[in-house]
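Take a look at the letters that make up each chain.
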Amino acid sequence: MRTVLGIDVGSTTAKVVVVTGEGELLRYGCRRHRGRPRRVVRELLDEVGPADASGITGSIGVALSDELAAVPSHEVHAVALAARAAAPDARTVIELGGQDSKIIALDPGGEHHAEMNDRCAAGTGATIDRVAHRLGLAADVLARLRLEGDLRVASRCGVFAETDVVNLVKRGASREQAMSALARGIVTQNLAVLTRGRSLRLPVLLLGGPNAHLPMLVEAWAERLGDVHLPAHAELFAARGAALHVLRGGRPLPRVTGVVRGGRVDGPLVRHEADRALLASLDHPPSLSSRGSEGVHLGVDAGSTTSKAALLDREGRLVAGSYAPSAGDPVADAIARVAEIRDRFPDLRVESVGVTGYGAEIVAPALGADWAGVETLAHAAATHAFAPGTDVVVDVGGTDVKILRLDGGRVVGFHVSNQCSAGHGAFLAATARDLDVPLEDFARRALAAPRMPRFTVGCGIFVDTDRVTFQRDGFEADEILAGLAWALARNVFEFVLPEPPERLGRTFLLTGGTQQNRAAAFALARYLVDRIPDAEVAVHPHPELCGAIGAALAARMEPRRRASRLDSLGHVRTRVHAGEELRCTRCELACARSVVELERGPAEPPRTFVVGNACERGADPGSTGRRSRAHAPDLLAEEAGRLFRTLLPPPARRPVSDAPVIGVPRVLAMYRSAPLLLHYLRAAGVPADHVVTSPPTSELLSEGGRLAQGVHDPCFPSKVVLTHVQWLLERPLDALLLPAITHARIAVRGTADTASCPIVAASGYIALGALRRDGDPLTERGIRTITPELCVLDRELLERQLHEAFGPLLGIGAADNAAALEHGLRAQKVFHDRCRRRGQAVLARARREGRAVAVVLARPYHADPGIQHGVSTELAARGLPVVSVSSLPIDEDMLDVSDRIPASTNSGCAEKVWAARLVAADPHLVAVDLSSFRCGQDASVMGLLGDVLDAADKPVLRLHDLDEDRPSASFTLRVRTFVETVRRYERERLGRGPRDGRPLRLEELQHGQ
Amino acid sequence: MASERTLLVGGLGWPHDTLVAAALRAQGHDVANIGPLDRGALERGRAALPRGQCAPLLFTTGALLDAVASLPGRRLAYLGLQSCGPCRYALFEDSWRRAVREAHPQADLGFVLLDQSPVGITERLGSRPLLHLIETLVAADAVAEQIRRLGPRVEALDALDAAAAEAVGAMAADLAGGAEPLDALATHARWHEDVTRRPLGPLARAVVIGEPWSLHVSGDGQLNLPRLLAASGVEAEVPPVALWIAYMLWQQRAVTWGPERPDPSSVRAAATLERFLEDAMEEAADATALEGFALPDLDALAELAAPHLPAGLLGGYGHVEVGLAARARLARRAHLVISVKSFGCIPSSGISDAIVPTVLGDMPFLALEVCGDGEAARESRLMMRIAAALERATQDLA
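Going down the list, the protein sequences come from chains A and B.
Per my numbering, the first sequence runs over residues 1 to 1009.
Per my numbering, the second sequence runs over residues 1 to 398.
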């Protein structure tokens, strides 16, 4: 009997099958290769025995084809072959691998069309592996899990999904609920990336390791798609297909590798004597105070991956510390840390307790803390105590990186990693685990490696993809670890930090648990010294405890100290309830809250409190909670509403008798020109109820709403257009208006042009393109499209363009068209005047009260709460008035930006630069710099805005890369840190309140006191 | 132009950069090439610039920093385009200046940046040097086209590369010695005759479209795509750099942007240059016996694109990409259409993601975003499509 071997070596697993000449499976073996693919494949080949011929596939496998004398085939082709053989009726295959995913459409005629993930492996087995490890879920447990609850996580980015899942657990979700959220997220992510708007044909065959081994994932696919099937040995289909390819005499896949050829190898991490001296200089022997344990101050840092406690003496010196991985429950973790310290100091007398970290809101009440605050402030306090002259703190923690610019110990600027930044400790640890290297050996081996591969930086999942490539190309584990340490440094200073580090200062202190890894700390120091020859870089002697030390220092300064209640910790019990039903509905922010039940023993009545709320309105879990305090003004929210309201009564004109019902998506340029267009339509005779505008994006995407699939690559504000259009198509429309507004009329002058972004102008065409992939739903519904090119700069031209677009449709003549345009233009002016008046009022009040006002440097469509993720409302909820670019006062002397960007053609860039200069010039203004992911327009002026604002030494909240996922934990950290810097700014520059130098408590940040 | 400075040129790819440098030397300039635009340049660009920049800016910034570092004490001027499209039009210069100022505060670097108006370019360069530059680029396009057509047909790509490099070196020497570009091309047009051909099997045909920078930059900036396709047995149809020039001229007469009306003198200058470009292409095709080496009719492309993306939406070259896709579908002559876009390219992201696939219907299509890294996943996607294209080519032959 003729037999054929099929080999599939992917990024994580090797599979070998032996099939008969008819393709029937005889024997097989499957094993994780942990970075040693050649060895594992040889072992598997020995186990399954010889065959007459062999075929090979997979991301690593194809590179091994020569040495294994196997015919190479592409894995898509192999999978399609095996799928057709096993399930002739299947019309779609969804295969998830370790680092890739693919959807293959199987035509009845024998053709197949496939899509694979390109850049990001967010929705693949790698993400599942890492999250499961973080949650402590072994493979056998995963294999038993079923879908539970309806929580959601950010799914677009694997790194962020991981962070969100961990935070769900910290806020009370069960591990099953959290994994369910991830499974659904992976389904959504894959459908979005891989279908690109095309309809999936049923039935669907689910293949690949993650589908084979995670029933929960199959349930999630079934929940979304219905007719799905998981065949036996679903993880072996690529290997079987490789054998079938040989059996059918298929053409060998061309072997072309190493497409990118430039510089992929660097020398060793430690290059020469100067590097060795630098490495030695970073080693500080830990020093502990022996002043005893009476009158001490306790700090707890409830971090995302680890839990830390620090005990300080009365002078603020470290007496003892405790550090351990988090077990998931932040309160239990904190109590365990405290208990460990108490075991060492039985006569412990604690004067104050401070708490910080992601879990601070829950841990602080449980410990009866005197101070609970933001970890950025805690790190700043610890830094100032250790090295008062430090300019910059580089804190590399378990799941995030924070870079703080200090001035005399106060935070004057900060950057926090976002979803595309993976330089953190958990990532290094996970990769070491994948390579079978104990974490404690990481630094020794990396520092001794003779060379290192050069990784891509920016995305952790992508780094992992590189790792597979390097393994395929023969790099040793030590070399890969060295490369990872260097990639971490580049990631921190080239991605987390949006500007070169030399702009921040010369004296750097490295903090955070990851600095315990000497290779990581050295890489960071080397990067800085290479770039800034006179840089002074030190590692905190207790880098892992800095948050806890800072919390203790803050509690020590707290004037309202309470008697320590640590004695009753043995009685503390907490129950955390999380879930969608606890989402606050009292404003657009829709905070995802958790209710915590806390018992502190028989002497104290149990209490219930809410965490996760941005303001007092959400502090009551019930629906009848008091509203004790209003938010500060949020002019972006006001503007978003005013844009689409009637601002002028329509002129007396007989309505068009058979006026069409026109759908208008509430997107992009409409956030600038809606008054003009909507009032034009009314004046042209279209009754109010014949103009249907889609709701704000936040409403479309809340309550289970999903981003429409079909446009994946452009920025989020552009992608969301399709979602609005699809919402409109569900209404009884006669026409859909998708104007291509090519320019903006702005007050700012001195640039070459005031054009719209090309994506904004073409967004209607892009949405129509995506919509028409699988037919033409507009024609099917009898809806005509109106896609006029409109230039609002030229009245005569605009009048003509409008008449061409609407004259025949509405049956209006030139005179009526001109009158309608006049009405629209007047409405637009009314809108702008009202915005300015509101801005003036808010500013005037701030000046009277000595307060700061946050100017949101953004594009008009960032008024849409769904596009800016409610950041303006969150700031207003914390007591900070927020104004838009449109509501800033017009000062004729400042309108000309020709000295900065004379050749710019984009209206939004000009306005942002102008507004930044206003902020710099007015002491009462601070800045929120918003930008959407992939906004090339904003990227072009990012450096310029930084120059302008930094020169004025203003607090700035930078939220770049806004996408469909709202990274809630990172968002809240940044917002809280910003509010703290603004409050300090108000005290120091506007003379508001005492200058006591005390870090603010969470509740002070929350309620805007 | 400032002849007292060393002119830095680069960014158009090979052999264009080499021949342009030689042509400028013939005009009395001291010239140095920036480059290569490889992964190292990308990383240095990333380290020097704020986040979120597009690939062309990152690559060129890194290469420019390298060039400045390698020429200490020299007075330099970078000769290039202000940007590659409308989205960041004219803002590259600010980024380059900032990056060089911070990395090399002592550097004396000026800029000779060309905007996209023929009148402006003519004023900047002078009429004769401009025509000479256009002919040089056309000659380079012809050599690049020869390499693309021969690539899948030769025994060893390295031998082809070596022969091409020798020919381009000889052409550069001729140019530096004062030869006319198309004469130099004709002199060396048969450079490939000694390269061994392989037995011809089925060749797949790929139509490559995309935004101009990533189509023409050599090396990592476009994943070395032409070489990859050639090595895989795929003959690629890639628009020449001349199409980019033709587009810039065409937009002067055919596109009304907002309230502005075409300036009659600019329209006349554009029309004259368009004719000159067409003549140059024809002469190059004759010299090299390249059948079909000609520019597409941009008016016809705009008409094909109009229902999907009108030319007037400030999408820059975007409608040309859509028009080329529509043309490929009408002709149905490709086994694969690849849309190459550099990371961060605003117009191209929406076009290749939503509009081009719809225009192409059931034709095999791959949108390939390149940013110089992450090649494993991209390479796999590309090989998937290439394997399928080769299968189709085999079936066609059968």
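What the hints contain is simulated information worked out from the structure, not anything from laboratory work.
Hints may be right or wrong, so weigh each one.
Claimed, not checked - Here are the in silico distance ranges between beta carbons for each label pair:
1) A/Asp891 / B/Pro72: 42 to 48 Å
2) B/Ser127 / A/Pro923: 40 to 46 Å
3) B/Gly126 / A/Arg749: 46 to 52 Å
Unchecked claim - Just so you have them, the derived chain B footprint on chain A, three or more residues with Cβ under 8 Å:
4) 69 to 79
5) 317 to 327
6) 347 to 354
7) 437 to 449
8) 895 to 905
As the list claims (entries may be wrong) - One side of the interface only, derived from the structure: several residues of chain B facing chain A at Cβ under 10 Å:
9) Leu91
10) Val195
11) Glu283
12) Gly312
13) Cys345
Note that CB positions come from ideal geometry on N, CA and C, so glycine has one too.
Status of each hint after checking the structure:
1. A/Asp891 / B/Pro72: 42 to 48 Å: 45 Å Cβ-Cβ, so the 42 to 48 Å window holds.
2. B/Ser127 / A/Pro923: 40 to 46 Å: violated, 55 Å
3. B/Gly126 / A/Arg749: 46 to 52 Å: violated, 33 Å
4. 69 to 79: With 5 residues closer than 8 Å to chain B, the stretch 69 to 79 of chain A meets the three-residue bar; holds.
5. 317 to 327: violated (count 0)
6. 347 to 354: violated (count 0)
7. 437 to 449: Coverage by chain B is violated here, the residue count being 0 at a Cβ distance below 8 Å.
8. 895 to 905: holds (count 4)
9. Leu91: holds, 4 Å
10. Val195: violated, 19 Å
11. Glu283: Check failed: Cβ of glutamate 283 of chain B comes no nearer than 35 Å to chain A, outside 10 Å.
12. Gly312: Interface hint status for glycine 312 of chain B: holds (6 Å vs cutoff 10 Å).
13. Cys345: holds, 7 Å
Of the hints listed earlier, those the structure fails to meet are numbers 2, 3, 5, 6, 7, 10 and 11, in rising order.
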